[in-house]
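So the chains spell out like this:
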Amino acid sequence: MSNLNLNTEEPLIMHIDLNSAFATIEQQSRPSLRGKPMGVTNRISKNCCVIAASYQAKRLGVKVGMPLSEVKAIIPDFIILESDPAKYHYIYQKLASIMKKYSPDIKMKSIDEGIIDFHSTRNNINNKPLEIIGYEIKKTIKQEIGSVVTVNIGIGPNQFLAKVAASLNKPDGMDIINHRNLINIYKTLKLTDLPGIANHYEARLNASNIYSPIEFLNASSDTLKKMVFNSVIGEDWYYRLRGYEMDNVQTKLGQVGRQWVLNKPTNQNDLLNSALQYLCQTTGKKLRYQNVDARGVLVWLNFTGGESWYQRKMHKTAFFSDYDIYRRALFLLNQRPIGATVQAMGITCYGLSRTSRHQISLFDEVNKTDRLTTAVDIINENYGVFKILSANSLIGDKLIKQKIPFGGTEYFKLLISSS
Amino acid sequence: MEPIYINKPIEVAATFDYKNPISVCLPLKIKYQNKTITLTELGLRHPTKKGSRAIHVFDMSDGTNDYRLEFDSETLIWRLIYITNFNYHE
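Here the protein sequences come in this chain order: A and B. Residue numbers for the first sequence follow the numbering used here, so the first one is 1 and each next one is one higher. Residue numbers for the second sequence follow the numbering used here, so the first one is 420 and each next one is one higher.
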């Protein structure tokens, strides 16, 4: 074992994962849903997908991402509900506040999962075993949130192994991975059971004759770096698999955007322009929420035939207002192939820098734009998001619904105010 | 059963107990269509906003149907938003 250079440190990272979060929260809030195969989608339509399914539905074969029509073929009585962001945000805040009672060093990884790092608080919790703390947290969640909501807890020496541990016995599980049981646990897993290894990475590993987590662990750092991943990522994996922390990195905000999948694909100019302006308004809101200005705009489209198109442009001056984003995005959209039917569209602002709006500009036009944008933002904040919006984006406002973010939670407060 | 949307002000009898870990405020009975309904379970309470107004949303059950109630903290008015029962869904 010593040849493998495993991290022998006491496991002090706890990963907490709400089980089937949105579905369980709905079952918690509406008792008549309990024990039933049900799921949640963003907007109920003929082509919608299940974004969360209850355990009763999962047992009958329902998977996240399945189209509703497929699910109904398996379970005709399947109940589908539209997502309720305010409710999920409340649970997210409750979960974070329960976690903060144990350590100030917590990190919410997404809406339904977070990490507690006990390194800085180990001496202040009477050296209570982390397993006991885990059961305490489970009990507190039941008392403060509700009896139906359950969590999986994983404890490990790094974030990666804590997440692996949290996925071992679902639902309501609690597992610890340390250097003593690491190999035995890897023996029970497939490559794709490891967080971060999906089909693409699996294929790369298979191409280098690595077919299991144990073979992955036994591969040398050089093999992973030079042959499998062709980058420093391979070295990161070498240490990550052994329990060393490789994921404690702060990511810098690189781009901000918004996308929309059309219910009914179209090539109508009016509708696409209105939707684009609406997407620009939500993107502008995100930019200002993050206190950044952008210099680049990218517009992309997916067509019904399966083809895609994009156009982008980097500008000399930074911008932050909805209209400035729209003006630049519309210029790009007008360059799309004529007549093609659009299935999905999106806009991304990049080239981000800290906003300079606190500095009065030499140009009065810029100051006017700033004052107008600030006034509209304040009114919308007080009376509900998009109480004031561009008349051209009214169609977009009716058609485009806010989605639940699966990744980061940086826009959650903004999302709640617009839900 | 699809939710029956009502969205009307209603009379509510509620307790306020600062020691209750799940919800300080708990609706116990509501009067709807001249009938008194006793609420037996709080599914979930969560706060939300309508503009700058704080609204408290209560998902309640009487053991058969689920009820969504909203309490406007500015006007102090309760509204019954919808009634639903997934035991009878088509």
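It cannot be assumed that every hint is accurate.
[Unchecked claim] In silico DSSO-like links for lysine-lysine, alpha-carbon gap of 27 Å or less: (1) K468(B) x K142(A); (2) K100(A) x K438(B); (3) K313(A) x K286(A); (4) K142(A) x K94(A); (5) K139(A) x K438(B); (6) K468(B) x K387(A); (7) K469(B) x K401(A); (8) K187(A) x K139(A); (9) K398(A) x K469(B); (10) K468(B) x K398(A); (11) K448(B) x K142(A); (12) K36(A) x K187(A); (13) K58(A) x K109(A); (14) K401(A) x K427(B); (15) K101(A) x K438(B); (16) K468(B) x K94(A); (17) K387(A) x K401(A); (18) K469(B) x K94(A); (19) K387(A) x K469(B).
No wet-lab data here; the hints were simulated from the structure. Please read all numbers here as calculations on a predicted model, not as lab measurements.
Hints versus structure:
1. The straight-line distance between the Cα atoms of K468(B) and K142(A) is roughly 26 Å, inside the 27 Å bound, and the hint therefore holds.
2. A distance of roughly 21 Å separates the Cα atoms of K100(A) and K438(B); the hinted pair therefore holds under the 27 Å criterion.
3. Our distance criterion of 27 Å between C-alpha atoms is met by K313(A) and K286(A), whose separation comes to about 20 Å.
4. As the CA atoms of K142(A) and K94(A) are separated by approximately 11 Å, the hinted pair is consistent with the 27 Å bound.
5. For the hint linking K139(A) to K438(B), the alpha-carbon distance of about 17 Å falls within 27 Å, and the restraint holds.
6. With a C-alpha separation of about 14 Å, the suggested pair K468(B) and K387(A) falls inside the 27 Å cut-off, and the hint holds.
7. Pair hint K469(B) plus K401(A) holds up; C-alpha atoms about 17 Å apart against a cutoff of 27 Å.
8. Between the alpha carbons of K187(A) and K139(A) the distance comes to roughly 31 Å, so the proposed pair goes past 27 Å and is violated.
9. Distance restraint check for K398(A) and K469(B): the Cα-Cα separation of roughly 18 Å lies within the 27 Å cut-off, and the hinted pair is therefore satisfied.
10. For the proposed pair K468(B) and K398(A), the alpha carbon gap of about 20 Å is at most 27 Å, so the pair holds.
11. Distance hint between K448(B) and K142(A) is fulfilled; the C-alpha atoms sit about 25 Å from each other, no more than 27 Å.
12. The straight-line distance between the Cα atoms of K36(A) and K187(A) is roughly 34 Å, outside the 27 Å bound, and the hint therefore fails.
13. A distance of roughly 23 Å separates the Cα atoms of K58(A) and K109(A); the hinted pair therefore holds under the 27 Å criterion.
14. Proximity of K401(A) to K427(B) is assessed by CA-CA distance (about 25 Å); at most 27 Å being required, the pair is judged to hold.
15. For the hint linking K101(A) to K438(B), the alpha-carbon distance of about 19 Å falls within 27 Å, and the restraint holds.
16. As the CA atoms of K468(B) and K94(A) are separated by approximately 17 Å, the hinted pair is consistent with the 27 Å bound.
17. Of the pairs offered as hints, the one joining K387(A) and K401(A) holds, with about 15 Å between alpha carbons and a cut-off of 27 Å not exceeded.
18. Distance hint between K469(B) and K94(A) is fulfilled; the C-alpha atoms sit about 21 Å from each other, no more than 27 Å.
19. Of the pairs offered as hints, the one joining K387(A) and K469(B) holds, with about 11 Å between alpha carbons and a cut-off of 27 Å not exceeded.
In terms of the numbered hints stated before, the structure departs from hints 8 and 12, listed from lowest to highest.
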